[in-house]
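Student: Input sequences plus hints: build the corresponding full structure.
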Amino acid sequence: MTGHTRDTIFVDGCWIASTGTGTLPVTNPYTEEVIGSVPDGTVEDVDKAVRAAAAAFPAWSQTSRDDRVKYCSAIAEGLKARAQEVALLASTEMGAPWQIAVMVQAGLPVIDFASIEDHVDAIEWESRSGNSLLIRQPVGVVGCITPWNYPLHQISAKVAAAFAAGCTVVLKPSELVPGVA
Numbered sequence: 493m494t495g496h497t498r499d500t501i502f503v504d505g506c507w508i509a510s511t512g513t514g515t516l517p518v519t520n521p522y523t524e525e526v527i528g529s530v531p532d533g534t535v536e537d538v539d540k541a542v543r544a545a546a547a548a549f550p551a552w553s554q555t556s557r558d559d560r561v562k563y564c565s566a567i568a569e570g571l572k573a574r575a576q577e578v579a580l581l582a583s584t585e586m587g588a589p590w591q592i593a594v595m596v597q598a599g600l601p602v603i604d605f606a607s608i609e610d611h612v613d614a615i616e617w618e619s620r621s622g623n624s625l626l627i628r629q630p631v632g633v634v635g636c637i638t639p640w641n642y643p644l645h646q647i648s649a650k651v652a653a654a655f656a657a658g659c660t661v662v663l664k665p666s667e668l669v670p671g672v673a
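For the sequence shown, our numbering assigns the number 493 to the initial residue and increments by one for each residue that follows.
Since the hints were made in silico from the structure, they are not lab data. Any given hint could be a false lead.
Claimed, not checked - Taking lysine-lysine and the DSBU-like style, the derived pairs with C-alpha atoms no more than 30 Å apart in a straight line are: (1) LYS650 - LYS540; (2) LYS664 - LYS572; (3) LYS562 - LYS572.
Tutor: Listed below in C-alpha cells is the structure:
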C-alpha cells in the first residue's frame, strides 16, 4: 500500500489513537489503487471530541473577535504554505485534475480563512428590533460533517465561520478523501 495512511485521529489539539480497531481504505478513483487507510472512528471517539470541544468553548468564546480573526489569518497562511501538498492529496484522493486541485481544492480554503475578517466585520453583532435587543454571540460546539467533493473547502467554509464567531468545532470529514481534510 502506498500513499496516505493515518493511524490516529485529531482530538483536543493532539493526534491520538481511535478507541476502535477498524480501518477504512483510501482509494485513488483514477487508478482504483488503495493508497492508504484511516481509522474507522467510533461513537466513543466522537464523544471524546465533543467533550474536548465543549471544555474549550468557554475560553475560546471569550477570545476577542480580533484575536479569532488573527488565528484564521494564521490558518490561511499555513494552508497557503502547504498548497502543493493539499493539491497533490486532492489530485490523488479525488482524481481532480492538477490545475483544479491547485486553484480550487487548495486555493478556496485559503480564501475562506483569509477573507473571514471582512465577513466578521460585516456582522451586526448587536441590534435593536422594536423593543427587542438582538445579540449574536457564540453558542457552543459546531458539528461539521463534510462531503467528498470540495473536501477542504467545505471544511474551511464551516470552520472559519465557526471559529470567527467564537464557537469550537468537531469535524467528521468524508472517509473518501481524508488526507485532503
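Student: All hints are to be evaluated individually against the structure, with a verdict given for each.
Tutor: Structure-based check of all given hints:
1. LYS650 - LYS540: Within the cut-off at roughly 21 Å; holds.
2. LYS664 - LYS572: holds (23 Å)
3. LYS562 - LYS572: holds (15 Å)
Of the numbered hints stated above, none is contradicted by the structure.
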